[in-house]
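Q: Chains as they are written, first to last, in my numbering: chain A, 12 to 123; chain B, 5 to 114.
Treat the hints with care, as some may be off.
To be verified - Quick list of the computed label-pair ranges, beta carbon to beta carbon:
#1 B:61 - A:24: 35 to 43 Å
#2 B:16 - A:70: 34 to 42 Å
#3 B:20 - A:37: 37 to 45 Å
To be verified - Once the Cα atoms are required to be at most 30 Å apart in a straight line, the calculated DSS-like pairs of lysine-lysine come out as:
#4 B:61 - B:74
#5 A:62 - A:81
#6 A:81 - B:74
#7 A:81 - B:75
#8 B:61 - A:81
#9 B:87 - A:81
#10 B:61 - A:62
#11 B:13 - B:87
#12 B:13 - B:75
These are computed hints drawn from the structure, not numbers from a lab. This one's a predicted model, so the numbers in the text were calculated from it and none came from an experiment. Cβ atoms here follow ideal geometry from the backbone N, Cα and C, with glycine treated the same way.
So you can see what is in the structure, the chains are spelled out below.
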Amino acid sequence: GQQLNQSPQSMFIQEGEDVSMNCTSSSIFNTWLWYKQDPGEGPVLLIALYKAGELTSNGRLTAQFGITRKDSFLNISASIPSDVGIYFCAGQLGGSNYKLTFGKGTLLTVNP
Amino acid sequence: DGGITQSPKYLFRKEGQNVTLSCEQNLNHDAMYWYRQDPGQGLRLIYYSQIVNDFQKGDIAEGYSVSREKKESFPLTVTSAQKNPTAFYLCASSQLETQYFGPGTRLLVL
Chain A
12 GQQLNQSPQS
22 MFIQEGEDVS
32 MNCTSSSIFN
42 TWLWYKQDPG
52 EGPVLLIALY
62 KAGELTSNGR
72 LTAQFGITRK
82 DSFLNISASI
92 PSDVGIYFCA
102 GQLGGSNYKL
112 TFGKGTLLTV
122 NP
Chain B
5 DGGITQSPKY
15 LFRKEGQNVT
25 LSCEQNLNHD
35 AMYWYRQDPG
45 QGLRLIYYSQ
55 IVNDFQKGDI
65 AEGYSVSREK
75 KESFPLTVTS
85 AQKNPTAFYL
95 CASSQLETQY
105 FGPGTRLLVL
């Protein structure tokens, strides 16, 4: 199946620092999605990207759809303790099949 | 409130037993999905359904079965053929590309 490489696997940062994580693929995607998952809960959608080059913000979060359509990054500015969790990227190939391919996640720990 | 509900939150299965996980959505979405999540792993697709009365196998369908008799419901049965069922199971739904997830069911084997 499709492969998404998400990095880093984990990050340990101080409160107030900025964070960056990214996903790369060997395939071209039509849609990139970023989710956050708290322990024992379902993933929550943070940002959806639908066009190559698109840069979208949601509060302190900013994500970009890479121009090659094979990568995407997520930045979190001025991190706070509640940013702790696992962040997943997901890509969708397009067409009538809406199956997503997920990265393995980035575990973010924020030290107050 | 619009959303996706999964029940139960925790489920225990005895050896050789089939168990059914419930997923209901009131978002009027056509497509629904079941994923399995193991510690340190991404989400792996078990089954998906793009329309009522139709469903397709995902990447790890062996040992699982589903039905889609109603638009709002997509139950997953973990059969006795699934030898390693302990995992966190997530249901999702979508109208187009963007999938929204339920809160999950944790299945444990006694």
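Q: If a hint holds in the structure, say so; if it doesn't, say that too.
A: Results of checking the hints against the structure:
Look at residue 61 of chain B against residue 24 of chain A: about 40 Å separates their beta carbons, and that is inside 35 to 43 Å. For residue 16 of chain B and residue 70 of chain A, the Cβ-Cβ distance of about 39 Å falls inside the hinted range of 34 to 42 Å, so the restraint holds. A hinted range of 37 to 45 Å for the beta carbons of residue 20 of chain B and residue 37 of chain A is consistent with their spacing of about 41 Å. This hinted pair checks out: residue 61 of chain B and residue 74 of chain B have alpha carbons roughly 18 Å apart, not beyond 30 Å.
Restraint check: the Cα-Cα separation between residue 62 of chain A and residue 81 of chain A comes to about 12 Å, which is no more than 30 Å; the hinted pair holds. In summary, the hint linking residue 81 of chain A to residue 74 of chain B is not supported, as the alpha carbons are separated by about 36 Å, beyond the 30 Å threshold. For the given pair, residue 81 of chain A sits about 33 Å from residue 75 of chain B by alpha-carbon distance, which is inconsistent with the 30 Å threshold. A distance of roughly 26 Å separates the Cα atoms of residue 61 of chain B and residue 81 of chain A; the hinted pair therefore holds under the 30 Å criterion.
For the proposed pair residue 87 of chain B and residue 81 of chain A, the alpha carbon gap of about 36 Å is over 30 Å, so the pair is violated. Taking the CA atoms of residue 61 of chain B and residue 62 of chain A, the gap is about 29 Å. The hint holds against a cut of 30 Å. Straight-line distance between C-alpha atoms of residue 13 of chain B and residue 87 of chain B comes to about 21 Å, which keeps the hinted pair within the 30 Å bound. With a C-alpha separation of about 22 Å, the suggested pairing of residue 13 of chain B with residue 75 of chain B holds against the 30 Å cut-off.
This entry does not satisfy hints 6, 7, 9, going by the numbered hints stated previously.
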